[in-house]
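2 protein chains.
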Amino acid sequence: MIHKKRQAQATPESLHQIFTIPEAPDSTLGRIEAEISQNLNGFLANHIVATEKPLAEIEKDFADSKIPEQPQYVSDHTHHLLDKLISQSVHTSAPSFIGHMTSALPYFQLPLSKLMTGLNQNLVKIETSKAFTPLERQVLGMMHRMVYQQNDGFYQQWMHSAEHSLGAFCSGGTVANITALWVARNTLLKPEGEFTGVAKQGLVKALKHYGYDDIAILVSERGHYSLKKAADILGIGRDNVIAVKTDTNNRINLSALKAECKRLKDNNIKLMAIVGIAGTTETGSIDPLTEMAEIAKQYQCHFHVDAAWGGATLLSNKYRSLLAGIELADSVTIDAHKQMYVPMGAGLVVFKNPESVAAIEHHAEYILRKGSKDLGSHTLEGSRPGMAMMVYASMHIISRPGYEMLINQSIDKAKYFADLIDCEADFELVSKPELCLLTYRYVPQVVQQYLQTANSQQRSEINDLLDQLTRFIQKRQRESGKSFVSRTRIEVEKYDGSKVSVFRVVLANPLTTNEILDEILKEQKLLAAESLQFLPQVLSKVLKS
Amino acid sequence: MIHKKRQAQATPESLHQIFTIPEAPDSTLGRIEAEISQNLNGFLANHIVATEKPLAEIEKDFADSKIPEQPQYVSDHTHHLLDKLISQSVHTSAPSFIGHMTSALPYFQLPLSKLMTGLNQNLVKIETSKAFTPLERQVLGMMHRMVYQQNDGFYQQWMHSAEHSLGAFCSGGTVANITALWVARNTLLKPEGEFTGVAKQGLVKALKHYGYDDIAILVSERGHYSLKKAADILGIGRDNVIAVKTDTNNRINLSALKAECKRLKDNNIKLMAIVGIAGTTETGSIDPLTEMAEIAKQYQCHFHVDAAWGGATLLSNKYRSLLAGIELADSVTIDAHKQMYVPMGAGLVVFKNPESVAAIEHHAEYILRKGSKDLGSHTLEGSRPGMAMMVYASMHIISRPGYEMLINQSIDKAKYFADLIDCEADFELVSKPELCLLTYRYVPQVVQQYLQTANSQQRSEINDLLDQLTRFIQKRQRESGKSFVSRTRIEVEKYDGSKVSVFRVVLANPLTTNEILDEILKEQKLLAAESLQFLPQVLSKVLKS
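Those protein sequence lines, which keep their order, are chains A and B.
Heads up: the first sequence begins at 1 in this note's numbering, then just goes up one per residue.
Heads up: the second sequence begins at 1001 in this note's numbering, then just goes up one per residue.
Looking at chain A on its own, in the form it has when it is part of the complex (with noise of 0.2 Å):
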């Protein structure tokens, strides 16, 4: 008998189906579902081809621009997935893999997250999300009270009030630095005698009303790209977010952050906010920030902490104090998604005054009515799952405790990592450690030597070589898909200021080693000798010349 493939098709019943019958347990798909439940790291082991396949290749897999007009099984359609598509992911939470923010999660997320998916409340109001609303105004007043550290009778007066908001959950920092200087923007300028406010009248008008020639934001050159995309959004214009340098540490400058709002006060540039960073992208550093607030209130602006990365180090009695002045923020921007080993989709911004959202309120007839407390009448976002819901458990489950360990370890690994770079005459360590992030890169030892003692002009050449090296080193480690360190380029004050490619690294991955580290670093130290077999003779011209 010849066996005929099964074809699927899409009939009144096979749809009713797919709403009403659930997948069989030996069914492809479900018998991935219990081999992720039973051992994720094993399935994505498994499952994630380790070498890297160039993505022209893997482009040819999605290529058709046709919606299928021929329905596929389930089945038949979880194998096309594993083959295509999962076998060419990355794997994230791998322990080597410590090049970028994300990690391994707790292993209760994975049944949570389904269990949200069955539920697919919206939290844009009340009607179709009830208790996950109270449940995310309080992850929004645990997470305020983190930072802020007020009394029991604010929490009372203002997490469930309804015309008020500690702050506003979203799907990630990028949104939440945006909500953030919304709220600065329109709190500035807000109404005043007939002018209706720049909520209403836009900035054109606002800024005429006020007087004002400009409006600007100061942030340290270590900024997260998405200041800018706000200032754009905002009509605020990215020119106008203004980079200020930092010192060694990669701290602002203070002294340049002084004349930078001097400046910006004698051209009658108004001064809109200042942002300080608690754990910058690259390197993990933490921005003076009493001294920053101590500024902005002298020149009355607004001062936001982009806490998206650091944030969570608040939960370390041990570290909190690395935070210092967050307390003294108009508005503070944490990902949960990062630092709190919460799946991708969970930022929020916290504002210190419950008054703040008003200035981004929005009401409508079907939805966000007066007086309602839907959460929707002061987000960005409209439609929003209940993610809150998996930092709610994360922090019952994990504890404050639970979250210092994690922390603790982490920039622990850190320090272990960096004094392993120090103790290797061939690399070079560019940033310390303050969090759990540090760059570093490959230098062999007589080069170093000869940086110390050559002019700008030759620290200028030999540091395009070294930047070949660095990019060469970091894209084989990555296609030989044993580990990842990320690269980015910074500038350094020893080499003038200006900008060199680095390694970078993120220990936030509790399952990461320190024998992994050390790994990372022979790898690194056999693809310097490999592309050294090229490099040598420029390097050589170089240092004779």
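What the hints contain is simulated information worked out from the structure, not anything from laboratory work.
Note that the structure is predicted; figures quoted are calculated from it, not measured.
We treat Cβ as the ideally placed atom computed from N, Cα and C, and that holds for glycine.
Honestly, I wouldn't trust all of these hints.
[To be verified] Some but not every residue of chain A turned toward chain B, in silico, with C-beta under 10 Å:
hint	residue
1	142
2	152
3	232
4	362
5	364
With chain A fixed as given, assemble chain B onto it according to the hints.
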């Protein structure tokens, strides 16, 4: 022997466990997961309490602002979630929940969502998403083709081009609308001569350079509230989103639109965009898109179509023509988490011109480098989960003809319900369904007759009373927990264009049957009878006056 309650403790070992040891199938969370997998609707029906608890009561369970110092076992916390959160959530997928745009989901979305969480990709860049990046580009290509129907060559050329994008995937329609209008603003106020563009220099310098007194957006009075929000965020101002009158059929009045265009021009206010609606949120009506495109062309402005709800209708060969003219739009918003039956958090905007996104492009040193295919270089959001996989899977498993059946069924069901209402002497159909939305209200027949002959003042008084009745019925029906319709206020031409409160119904859930619709009307009649016990005196007073 006294049973001692176990107490969880945060130790390095317990933390290591939650990252490495899966939830056991017989654990509380494991059992819940199995229940959801085997019978989601049963699980929700069993665990969500039907009758409504006052929000103030629920808030008491979410009142603690302290992050716990004491960890909870996963099983204990799961019991807590079941008891306090899930029991008081909303059964958004119930077939009798026809008040909002949430629906039942296909079963395969549940295990897929878990897979997505397990993979925890970050779509902002290829380094954390690899094959998910071409997959998302393919999904955008498919949606683009659904709207614009270009040929194979077009998609081969642009779908995977690093410097181009056919759209932007995002968390929902609001972000999609903001993104579209952001592109429109930046394209209108682009660099020219010494002016380097609004993205860099901001709105004030941009308007000065181009010599406009202001810029504005035109949309019908049925436009979604996110458009005003977008105008606020983008610095244009909510007042500059000008609401154009609709006709009796809830479509934009073209003469009024033309008059507005002229008025703006005469006042040196540059028309930035005309927004057409393909499926208004309140009534599901579709604007005359072809004619609007013609007007937009005449005034050389961006033409955006908000098809967040109605866009999926393009999958139906039978009803596709309802959206004729959408292919003339410069940008189109579509929510996959609405009529494409994907879980919350999947919206997108497509652009006719693959070069449009250049207007909002941005780069950073550590990611989104020039020439990279990182999706984050032209999205409003930064880090984003791999939701595009859910859309991709649905398009393959359901297929275009499957979607057509779902769409057609929904529209047919709405027509059935409209007929049902029309046949009931005591109900008034306020807006007929074009798609699967309709609005109506309860008006005793005698009052309907009176309204026909009443003068304007009398009509207004009666309508105020009827508004109370509508609110009463809707609230009681929601509270009793068997079914849910929403309510809104819309302008009704025959009542002198004044706003009246109406029931609003969305019939997208494939599991909603005609019998359920019959029941919902019956319940409303009973509730009306109940309320008329106290209303008649007031009514008769008005009727007699």
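Structure-based check of each hint:
no., hint, verdict
1, 142, "5 Å, holds"
2, 152, "7 Å, holds"
3, 232, "5 Å, holds"
4, 362, "5 Å, holds"
5, 364, "4 Å, holds"
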